[in-house]
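**Q** Sequence:
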Amino acid sequence: MNEPTHTPPTHDVTALEVHRPVPLVPSADVPLAPVRPVGVPSVASVVLVDGRVVTGYAVPSAQPEPVTAKPAVSRAAVNVALAGVGFLAVCGGLFLLTAFISALTALITQLVILAAVLFGGWIAAQVFRASGHRGGTTVHIRKAVIKRNHFHG
Numbered sequence: 001m002n003e004p005t006h007t008p009p010t011h012d013v014t015a016l017e018v019h020r021p022v023p024l025v026p027s028a029d030v031p032l033a034p035v036r037p038v039g040v041p042s043v044a045s046v047v048l049v050d051g052r053v054v055t056g057y058a059v060p061s062a063q064p065e066p067v068t069a070k071p072a073v074s075r076a077a078v079n080v081a082l083a084g085v086g087f088l089a090v091c092g093g094l095f096l097l098t099a100f101i102s103a104l105t106a107l108i109t110q111l112v113i114l115a116a117v118l119f120g121g122w123i124a125a126q127v128f129r130a131s132g133h134r135g136g137t138t139v140h141i142r143k144a145v146i147k148r149n150h151f152h153g
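Each residue of the sequence shown is one higher than the one before, counting from 1 in this note's numbering.
Keep in mind that the hints were calculated from the coordinates and are not lab data. Please note that a few of the clues may not be correct.
[Said to hold, decoys possible] Restraint ranges, calculated between C-beta atoms of paired labels, are given here:
1) Pro64 <-> Cys91: 46 to 52 Å
2) Arg52 <-> Pro21: 19 to 25 Å
3) Leu82 <-> Ser102: 29 to 35 Å
4) Val47 <-> Asn79: 56 to 62 Å
5) Val47 <-> Pro71: 47 to 53 Å
6) Ala76 <-> Val112: 50 to 56 Å
7) Ala83 <-> Leu107: 34 to 40 Å
Think of the CB as a built atom: it goes at the ideal place given N, C-alpha and C, for glycine as much as any other residue.
Just need the whole structure built from these sequences, with the hints factored in.
**A** Structure below.
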């Protein structure tokens, strides 16, 4: 708590030297056109409010990358919507398939019942028909004698 505060050292502004780079002069052997190199930035000096001079390379401001236009609807939302539509189409098809199978089962059941009723009615008509002589042979057995597993009538 009672520690001494650290004060930063003050800089003497008068002792600063400003160095300006000297461009290289091409030799007389090769005739070159004076062209500023593209990769080396220019040197700039700035005088601050308190009188200090700061020299350094000028850094060009960073240009933001162009923003690509985003679609109004994301691809994920479109994919989810298409999956939902496909699912509904499949469910509708399955519903129609089950309805068709149920209707076919009901039709087959009704045809079996109709056949049973008609065939049963035909049998009942044959059994309960009024008895009468319809031609054929009638055998009346009054007394039968069975001797040694042989029938004598």
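**Q** The structure should be examined with respect to each hint, and the outcome stated for every one.
**A** For each hint, the structure was consulted:
{"no.": "1", "hint": "Pro64 <-> Cys91: 46 to 52 Å", "result": "holds, 48 Å"}
{"no.": "2", "hint": "Arg52 <-> Pro21: 19 to 25 Å", "result": "holds, 20 Å"}
{"no.": "3", "hint": "Leu82 <-> Ser102: 29 to 35 Å", "result": "holds, 31 Å"}
{"no.": "4", "hint": "Val47 <-> Asn79: 56 to 62 Å", "result": "holds, 60 Å"}
{"no.": "5", "hint": "Val47 <-> Pro71: 47 to 53 Å", "result": "holds, 51 Å"}
{"no.": "6", "hint": "Ala76 <-> Val112: 50 to 56 Å", "result": "holds, 54 Å"}
{"no.": "7", "hint": "Ala83 <-> Leu107: 34 to 40 Å", "result": "holds, 36 Å"}
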